[in-house]
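Q: Sequence:
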Amino acid sequence: MVTVSYYCPRCETLAELERDASLRDKCVTPDPLDGWTYLPAYELDGDTDPQELADGVELVCGASESADDGCGEPYYLSFVRFENGEELDPRTGTVDARFDFLR
Numbered sequence: 243m244v245t246v247s248y249y250c251p252r253c254e255t256l257a258e259l260e261r262d263a264s265l266r267d268k269c270v271t272p273d274p275l276d277g278w279t280y281l282p283a284y285e286l287d288g289d290t291d292p293q294e295l296a297d298g299v300e301l302v303c304g305a306s307e308s309a310d311d312g313c314g315e316p317y318y319l320s321f322v323r324f325e326n327g328e329e330l331d332p333r334t335g336t337v338d339a340r341f342d343f344l345r
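For what it's worth, our numbering labels the leading residue of the sequence shown as 243, then goes sequentially.
Simulated from the structure, these hints should not be mistaken for lab results. Treat the hints with caution; some may be incorrect.
[Claimed, not checked] Calculated cross-link-like contacts (lysine to aspartate or glutamate; reagent style EDC-like; alpha-carbon spacing at most 20 Å):
1) Lys-268 - Asp-291
2) Lys-268 - Glu-328
3) Lys-268 - Glu-258
4) Lys-268 - Glu-329
5) Lys-268 - Glu-254
6) Lys-268 - Glu-325
7) Lys-268 - Glu-294
8) Lys-268 - Asp-311
9) Lys-268 - Asp-310
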């Protein structure tokens with residue numbers, strides 16, 4: 243296990259998590275990605291790799307894993323996800339929307 247640092251995307255308070263050295267981090271965002279499931283940081287025990295349990299980790303800025311008081315807002319560490327051997331893009335919807343504004 244290694245200690246990995248993440249910054250709150252709102253106030254840049256530093257948080258540290260004990261993680262497996264094999265990281266598949268995608269991004270840290272103020273809002274959860276659509277379709278991703280998150281494990282609260284307080285449920286991490288340091289022995290289990292969170293990548294095996296969820297698609298990401300929900301952190302609360304200023305909680306016990308943070309270095310300072312922080313802003314108190316949740317933020318989300320999202321892992322890379324694959325489906326049928328291809329990386330999923332969280333910004334791509336599953337249904338194609340079509341708009342006809344000329345009607």
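Q: Work down the list of hints and note, for each, if the structure agrees.
A: Now the hints, each set against the structure:
For the suggested pair Lys-268 and Asp-291, the alpha carbons sit about 16 Å apart, so the restraint of at most 20 Å is met. A hinted pair counts as satisfied when its Cα atoms are at most 20 Å apart, and Lys-268 with Glu-328 qualifies at roughly 14 Å. For the proposed pair Lys-268 and Glu-258, the alpha carbon gap of about 17 Å is at most 20 Å, so the pair holds. Restraint check for Lys-268 and Glu-329: satisfied, since their Cα atoms lie roughly 10 Å apart, inside the 20 Å limit.
Simply put, Lys-268 and Glu-254 have alpha-carbon atoms about 18 Å apart, close enough for the 20 Å limit, and the pair holds. Of the supplied pair hints, the one linking Lys-268 and Glu-325 holds, its CA atoms being roughly 15 Å apart against a limit of 20 Å. For a cut-off of 20 Å, the pair hint linking Lys-268 to Glu-294 stands: about 15 Å separates their Cα positions. With a CA separation close to 26 Å, the supplied pair Lys-268 and Asp-311 exceeds the 20 Å bound.
Annotation: proposed proximity of Lys-268 to Asp-310 is violated, straight-line Cα distance about 24 Å (limit 20 Å).
This entry does not satisfy hints 8, 9, going by the numbered hints stated previously.
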